[in-house]
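If you follow the hints, you should be able to join the two separate chains into one complex; please do so.
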Amino acid sequence: MGKATCFHCGDNCNNSVIQFQEKLFCCNGCKTVYEIFSENDLTCYYDFQNSPGAIPKEIEGKYDFLKQQSIIEKLIEFTDETIEIVTLSIPHIHCSSCIWVLENLHKLNSDIVASQVNFGKKTVRITYNKNISSLHEIVLLLSKIGYEPYISLENYSAGKNKLDRSIIYKLGIAGFAFGNVMFLSFPEYFQVNGFWIEQYKGLFRWLMFTFSLPVVFYAAQDYFVSAYKGLKSRLLNIDVPISLGIFVLFVRSTVDIVFDFGTGFFDSLTGLVFFLLLGKFFQQKTYSFLSFERDYKSYFPIAVTKITKEGTEKPTQIYEVKKGDRLLIRNEELIPVDSILINGNASIDYSFVTGESERVAKTLGDKLFAGGKQTSGTIEIEVLKTVQQSYLTQLWSNDVFNKDKENSFTTLTNAISKKFTITVLGIAFLATLYWVLVDSSKAMNVFTAVLIIACPCAIALSAPFTFGNLLRIFGKQKFYLKNATVIEQLSKIDTVIFDKTGTITSNKKSNPVYEGEALSTSEELLLKNTLRGSNHPLSRSLYDILDANNIIALNHYEEVLGKGISAAYKNENIVVGSANFVGYDDLETLNTTVHIKSNNAYKGKFTFYNSYRKGVSKLFNKLNKDYNLVILSGDNEGEKENLKKLLPSKTKLIFNQKPEDKLEYIKYHQSEGAHVLMVGDGLNDAGALAQSDVGIAISENINVFSPACDAILDASNFNQLYNYITASKSAIKIIKWSFVLSFLYNSIGLYFAVTGQLMPVIAAILMPLSSISVVVFTTILTNVLGRKLRRLENHKKK
Amino acid sequence: MSVIYVLLGVSIFVAIVFFVAFILAVKRGQYDDSYTPSVRMLFEDELVENTPDKSKLTIKNK
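Chains as they are written, first to last, in our numbering: chain A, 80 to 877; chain B, 1015 to 1076.
Excised from the complex, chain B in its bound form (with noise of 0.2 Å):
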């Protein structure tokens, strides 16, 4: 019977292991802004398509 120790075991890690992930993301602000990542994730093709051109100008105030 003592397979419920193991089981008790097993599910409390899993559940901590989530537990320190959440901890972690609200941590590095995460959920501080929840708005831009949703339109930021539509741009990943148009980052593509310009890849930068090295012989182009960069400008630089003066």
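Isolated chain A, as found in the complex (with noise of 0.2 Å):
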């Protein structure tokens, strides 16, 4: 029975196996969507991939605050008389069958018109008629099909955020006009004193004229605005020499056509902005189906059930909870603020805020902060603060979430164009002045070809294509990066520092040890069976290692919530749970324990270790030579000693820290000159990899939420860390050398201008020659880096 898989949802079904239409399933839920999906033609969702389902999730309720319009106004894109459109984000979706059976959502509900999924985004936007359906029943259908939307604050407040397609239609404007102006100044490259040219000549130049406006009023604004920024704040970056070619250029062709001097640069100005265009577009990776920009306002829901004075429960928009008010959390909601438990059993689960994912009970009375979910059952709770009053919403006060890292931080690029620049503009006015004093009429023309033939095409295309070929490549690794930025940062880093819980530890297994007497057999098929009937974490994991035994019935069973049970079999009884539960003195109560008495005697307690992540000695000791390390945990010292044995003896190792001291303690060694690392997971780290140079979010799943950070970093892929590091190390040597060859070009080019002989051809041909050349380059030795790192990986698992 051990491998009956769910039809649906493919999880094994072991406890129960629901048979139906000779087919299998693990729980009611899929059994009620395969129904509903074989009762409307739909079956075909199981074709395309084997059990592509998911759970359904108990939602009593969960949606009633969707009837309010305030509420649905805030969601919805499109509203006229008769439909509604709204795009709601659905993590599930993963398969071909999710995107059809999205698509044929109005086969289930006749009221829906049109759904249309973007698989990359994971989101679907479904068209509906307003006056039968609404959008409440449109997200309870999706959630009864196992497609639960994911709906949060953030939807709340974001609005409606714009598409930016502008680097499109500029690239498009640019390509065009290159391609046209090419075309238009062939004749005059080669038929260069023939009579049809001398008569249509003007023609041809005033229509690449009329080309080249666009490209430098619309697809070239960009760099100049951003030079324009460089220069008032005493920057001379890369757009500045860009600029003044892309000016110059222009300027000078346009002279030269209405004097008649010459045909102009044209096809040099419009290629020159098309491919610079096409190494910013190139360099923009972006994981649509990833946020790096999250703060607790995508975790948080919108709304939550309000308890009235007169007793009955309203749904409330969040920001409009008040202190002293009393909410109603169901099971598997989350608690949006700092509050006091008054009725019910809570089981609070702080993964959101901690990585830790260990549920913590809590009985009347106790405080509660913000971001816990709860786990079992419905609970009462008074409201302590409002929202962004809250213990864990407080730290986005904080300045350092409204500064922007990448604009702060000079490139490499910029760092090297400052030199450049004036270099560039010093050999031009020597020339000029050497010509001024040989041959006067040629001094202008040899200032300007020398600021066009040194616009740094290459050197500003040699970043953009390789970073941008390596952050394709880590994705492919499952490193996700925010931006280009991101890989020189990394390559400049000298401290790292890591987050235990949920970091280095994973949160899949923790390894009970036991200590004490040795349980006799009776003792252990007691033990066993007494676990059997709890549903606490610890009883669940601790229930899962020792070995099956018969099945017994219990003569006395009790649990007392969040401290332990106490059961009997015959003249045999057990204790099982905390310390003081059992009636034992335990001094050493840092790590989580399960204690153990029988028949009223002591025997000895389980203890529950960290478990860490595969590799993570080896990466410590790898980065140990050249990084200093540090742990900076939330947790107590209780790993203290296991820690020490594990990581090397330089390692530092700060317990008890709250997410203001983590923060606070990267600000302070930023302040000494380190360049900090933050390998981080929780919303308690979101401070610290926010200030850090870099936050690396570690995720166990990619679609679930992590915090706003620079790069997210695929849990399976934690040992290669060190890699990456390096790998950006060689990217920026790669750009480095790539320098070396544009300027090879550059000071080819400058021969030509100096010496007064530079002609339009000469300019087209040496521009996309040594910009394609240092494209190649890139582009090829970031692949064999990209080789090596797989290498790597693939020795690693093995």
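Worth double-checking, as some hints may not be accurate.
[Claimed, not checked] The list that follows gives simulated cross-link-like pairs (lysine-lysine, DSSO-like), each with its CA atoms no further than 27 Å apart:
hint: 1; chain 1: A; residue 1: K737; chain 2: A; residue 2: K402
hint: 2; chain 1: A; residue 1: K571; chain 2: A; residue 2: K867
hint: 3; chain 1: A; residue 1: K201; chain 2: B; residue 2: K1041
hint: 4; chain 1: B; residue 1: K1041; chain 2: A; residue 2: K200
hint: 5; chain 1: A; residue 1: K153; chain 2: B; residue 2: K1041
hint: 6; chain 1: A; residue 1: K385; chain 2: A; residue 2: K401
hint: 7; chain 1: A; residue 1: K693; chain 2: A; residue 2: K729
hint: 8; chain 1: B; residue 1: K1041; chain 2: A; residue 2: K359
[As the list claims (entries may be wrong)] Among chain A residues calculated to face chain B with C-beta under 8 Å, some are:
hint: 9; residue: I178
hint: 10; residue: N197
hint: 11; residue: G199
hint: 12; residue: R244
hint: 13; residue: I247
hint: 14; residue: Y248
hint: 15; residue: F255
hint: 16; residue: N259
[Unchecked claim] A few chain A positions that, by computed beta-carbon distances, are all more than 10 Å from chain B:
hint: 17; residue: C106
hint: 18; residue: Y268
hint: 19; residue: F303
hint: 20; residue: L413
hint: 21; residue: T454
hint: 22; residue: E459
hint: 23; residue: I624
hint: 24; residue: F660
hint: 25; residue: K684
hint: 26; residue: V695
hint: 27; residue: L725
hint: 28; residue: V833
hint: 29; residue: R870
For the record, the hints were derived by calculation from the structure and aren't laboratory data.
Every residue, glycine too, gets a C-beta built ideally from N, C-alpha and C.
As structure tokens, then:
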């Protein structure tokens, strides 16, 4: 029976198998979804992919807030008299079956006019008849078939964000103009003194001029804006020489055709802008299904259920929740505010916040912090603080979240462009001076020629193509970077700081170790059967490691929530639970422990140690050579000895750190000149991730939400971190070499320019040639780098 | 020789037609999602096979 898997969701159906139409299902939920699909001729869903589904979750009352018009208005995209359009984010979208079934929603509900999936973004855009159906009904239908949409506070406050497609437009215009200008300039290149060209060259030249107008004034405007901004803040960034080049190219060419000096450099001009934009476009590798900008708003619900004074339930928008309000939190709902538990059994999962997956049981009167998820039944809470003032959310009022990391960093390209610009301007003036003395008619010609040929197109292209390529290579290895600047920052790191829980420990397994008097067979049997009845996570994991035994019917069983269980069978009794529940004085209570008392005598305890990720020790030893290593943990010192054994002795271990403490720690070290890489996972690391030079979030499941960061790394490739840093360093080397290459081209061009021999045709050949060879050079080298990385990865896995 | 005007006119006209087509395509979101359409086109057959059966109930939420 062990191998039976659910036809719908693919989970093991060990506990209970439900048979329906010769198919196996793990639970009633899955069976119901199958029934819905088979009744509506949608069983094709199972043909594209084996067991593509998800277990539908209990959602009773969860989406009642979608009946409120004020909330609906914030979520929908478009509305008129009859239809409404809404785009919902559905994390479960993962295969072609998902696309198929979600685009056939109209078969399940005839009020749905159309639905369209965006697989990359994991969203579905639904158009429905609002007079018959409603957003509430649509969401319930989706949840029923296992595609529960994710609606968070972020959707509420974000408003409608417009897609920025300007780069595609600009690229299109530049490409269009480049092609046409190229083709219009050919006749003059090949028939220099022909009679024919003499007659028509005016027409050709003014056509080229017309084509170059949108390129200079629209497609290239970002470069002018950036150069202006740079100059204003006294920075000679790479856009300064580029804008200068574009400007000189345009003015000189216009002057040339107006006074009939020559054909102008319109082909070089449009080509330059086209190649530059191409580089920009290539560098923008975005992972539309990931978000690097998350704050608490993406975790928090839009509305909660408030219990009014009259005792009725009323969905309330979360910003309207006030101190003293009573809220109803259902199973699987998030606690949005700091509060006190006043009714019900709370078992809170704080994994969003701390990365710790173990649930915490709370009793009446206990304080609950915002960000925890209730996991057992419904509770009632009284609000202590509003959303913005809660312990966790307060972190986001720190300035660090408003800082733009990308712009405060001087990139390698900009650093080189400073020297470059000064040198080029120097050469231009010297050459002009020389020609003023020798042959003043050529002076202006030489001056502009130097600025044109020295336009650092190839330099500006080296970094985008190297980084863009490396971004893709990293992406294939499940290391997703926010942008190209992160690679440069990563290469400069000298301190690496790790969070402990969820980062270097894995969430999945913790190994309980037994200390104390050995248990007899009958005691073990009793223990196993006692644990069977409990749903507490510690009981479950303890139950799993004990050898299978017969099932016996207990005579007595009592579970005290958050404390432990007592049970009896025939004349034996057993007490399992926390130290004071068992009645034992435990001095070292730092670790999670479960104590056992059998027949009124204390036996021993199971200690749950953290289980560390594979390769942690190796990774630390490698990093130890070149970097300062720190463990910055929010937990107590319980694991200190264990960590000391595992990690190199130089590693600093700091415990009991609050989220703000982590942030301040990093800030302090940065003020001392350190470049910090922070590796964390939970929301409590969010401040530290934002403050550090590079913040990497470790994620067990990329689709699950991670805090704002610069990069997201899949937990399975955690041990590759060292190789990624090394690869970033090599990328910088590649860029430096391609700078050398482009300087070579520049000096050839400068020779023609300085000697006053620069013909438009030479510029038109040299410019694309240098750009293309730099692109080819960086692409080949980064691919070699990528192959090396892949080899290392495969090697590790073996 | 004035045929050159006609030729230039035609070539630029054709180029502009394609250019406008490209701009319109971008505007209508054709480049926003470059993956889903590649999967969607493979579904055509299944849809024909499953012509909706009117006698079947469409479920509605209670």
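Okay, the hints, checked on the actual structure:
no.	hint	result
1	A:K737 - A:K402	24 Å, holds
2	A:K571 - A:K867	21 Å, holds
3	A:K201 - B:K1041	21 Å, holds
4	B:K1041 - A:K200	18 Å, holds
5	A:K153 - B:K1041	24 Å, holds
6	A:K385 - A:K401	10 Å, holds
7	A:K693 - A:K729	21 Å, holds
8	B:K1041 - A:K359	20 Å, holds
9	I178	5 Å, holds
10	N197	5 Å, holds
11	G199	5 Å, holds
12	R244	6 Å, holds
13	I247	5 Å, holds
14	Y248	6 Å, holds
15	F255	5 Å, holds
16	N259	6 Å, holds
17	C106	20 Å, holds
18	Y268	17 Å, holds
19	F303	22 Å, holds
20	L413	24 Å, holds
21	T454	26 Å, holds
22	E459	27 Å, holds
23	I624	43 Å, holds
24	F660	45 Å, holds
25	K684	50 Å, holds
26	V695	35 Å, holds
27	L725	42 Å, holds
28	V833	37 Å, holds
29	R870	29 Å, holds
When each numbered hint is compared with the structure, no violation occurs for any of them.
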